[in-house]
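Asks: Chain residues, written in single-letter form:
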Amino acid sequence: MKSESTELITIITGTRKGLGKALAEHLLGKGHQVVGCSRREGTIEHENYEHFRVDVSDETSVRKMIRAIVKKWGRIDVLLNNAGMASMNHLLLTPTRTVEKVFNTNFLGTFLFIREVAKKMQKKKFGRIVNYTTVAVPLDLEGEAVYAASKAAVESLTKVAAKELGGFNITVNAIGPTPVATDLIKNVPENKIQELLEQQSVKRMGTEEDVINVVDFFIKPESEFINGQIIYLGGVN
Amino acid sequence: MSLEKIEGLIIEILHELAEEEKFKSFLEANTDTPLYGGSSLLESIDLVGLLADLEDAVADEFDIDIIIADERAMSQRISPFRSVRSLTNYVQKLIDKVEVE
Chain F
1 MKSESTELIT
11 IITGTRKGLG
21 KALAEHLLGK
31 GHQVVGCSRR
41 EGTIEHENYE
51 HFRVDVSDET
61 SVRKMIRAIV
71 KKWGRIDVLL
81 NNAGMASMNH
91 LLLTPTRTVE
101 KVFNTNFLGT
111 FLFIREVAKK
121 MQKKKFGRIV
131 NYTTVAVPLD
141 LEGEAVYAAS
151 KAAVESLTKV
161 AAKELGGFNI
171 TVNAIGPTPV
181 ATDLIKNVPE
191 NKIQELLEQQ
201 SVKRMGTEED
211 VINVVDFFIK
221 PESEFINGQI
231 IYLGGVN
Chain X
1 MSLEKIEGLI
11 IEILHELAEE
21 EKFKSFLEAN
31 TDTPLYGGSS
41 LLESIDLVGL
51 LADLEDAVAD
61 EFDIDIIIAD
71 ERAMSQRISP
81 FRSVRSLTNY
91 VQKLIDKVEV
101 E
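Protein chains in written order, with the working numbering: chain F, 1 to 237; chain X, 1 to 101.
Think of the hints as simulated: they come from the structure by calculation, not from any bench.
Check the hints yourself; a few may be wrong.
Said to hold, decoys possible - Quick list of in silico lysine to any residue cross-link-like pairs, SDA-like style, CA-CA up to 25 Å: (1) K159/F with M74/X; (2) K123/F with I45/X; (3) K72/F with I67/X; (4) K163/F with T33/X; (5) K159/F with Q200/F.
Claimed, not checked - Facing chain F, from chain X, some residues (calculated, C-beta under 8 Å): (6) I45; (7) A57; (8) A59; (9) E61; (10) D63.
What the hints assert, rightly or not - What follows is a set of in silico ranges between Cβ atoms, one per label pair, in the way DEER data are often shown: (11) D216/F with V100/X: 24 to 32 Å; (12) N237/F with P34/X: 42 to 50 Å; (13) G167/F with L27/X: 40 to 48 Å; (14) M74/X with S156/F: 16 to 24 Å; (15) I95/X with N213/F: 42 to 50 Å; (16) E41/F with L27/X: 33 to 41 Å; (17) R82/X with E164/F: 16 to 24 Å.
Glycine included, each C-beta is placed from N, C-alpha and C at the ideal position.
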């Protein structure tokens, strides 16, 4: 049944752990109705949270999920394309299957969610979409060729989508975090992290709060004039 | 599934668009109304919206999930989106395909 509720209906991909889970909990605290997804069971218990088991690169499952959400709540206001996969390796040692997996999750997943959710947002002439990139793109970090390339694709997608969807009053922006202590970077050697921090103007690890701050900025009502922007954390340009 | 039903869904969406002044003439929309190309009132962004709405309408009406802008549609020499009639026929084909599968 469609609800006439005024709370924001927010989709966050990859909510089982890490930043996605922290963001979901933050937005639940602010009164959003949050719908999350991951390939495995959800880990968030909240009356305003619903979880779908979805592979973000599977077109049929993504469409099913979006249809179910619109059937229940009538609309989608916010989409956070948080689900991501990292691969740290020298390119000479990177298996083809890894390239496919990283691009499927990071680029194709983001593309599918934008396409399907924007189809619903355009009806209501409102939407806020936030994609995820990384400082590995502007810093051209060695050992991250595939990961950075997949996120560079997300950056291009963000900027073109912002133009194509702007006419529907949908904004599309991206955040580029520095390393945040999550599972995504658990296999990166300490000296590599240190080298990266040295390239930031603010030389510390990022936190969940740093990411939440930028997401809050992108999705707040006053940000309707902010579109097609990439914001990196840590003073990286 | 009848062609009339599909055409009805398209015309219903055109009637909704007719609430905007520039699309007022869609109140008289019929099977020959152009949707795409020089003689259509629709800008490409409007057509994108119409196709998205039509996917929803088909899902609601027939409980069938189709993607209208599929590879076949985008690669045809003559666009299946050019008129209400051609779009109706194309959607019918997509529905038939899903039903066979």
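Asks: All hints are to be evaluated individually against the structure, with a verdict given for each.
Replies: Each hint tested on the structure:
no.: 1; hint: K159/F with M74/X; in the structure: 23 Å, holds
no.: 2; hint: K123/F with I45/X; in the structure: 12 Å, holds
no.: 3; hint: K72/F with I67/X; in the structure: 21 Å, holds
no.: 4; hint: K163/F with T33/X; in the structure: 29 Å, violated
no.: 5; hint: K159/F with Q200/F; in the structure: 24 Å, holds
no.: 6; hint: I45; in the structure: 5 Å, holds
no.: 7; hint: A57; in the structure: 11 Å, violated
no.: 8; hint: A59; in the structure: 6 Å, holds
no.: 9; hint: E61; in the structure: 13 Å, violated
no.: 10; hint: D63; in the structure: 10 Å, violated
no.: 11; hint: D216/F with V100/X: 24 to 32 Å; in the structure: 48 Å, violated
no.: 12; hint: N237/F with P34/X: 42 to 50 Å; in the structure: 48 Å, holds
no.: 13; hint: G167/F with L27/X: 40 to 48 Å; in the structure: 23 Å, violated
no.: 14; hint: M74/X with S156/F: 16 to 24 Å; in the structure: 20 Å, holds
no.: 15; hint: I95/X with N213/F: 42 to 50 Å; in the structure: 47 Å, holds
no.: 16; hint: E41/F with L27/X: 33 to 41 Å; in the structure: 51 Å, violated
no.: 17; hint: R82/X with E164/F: 16 to 24 Å; in the structure: 22 Å, holds
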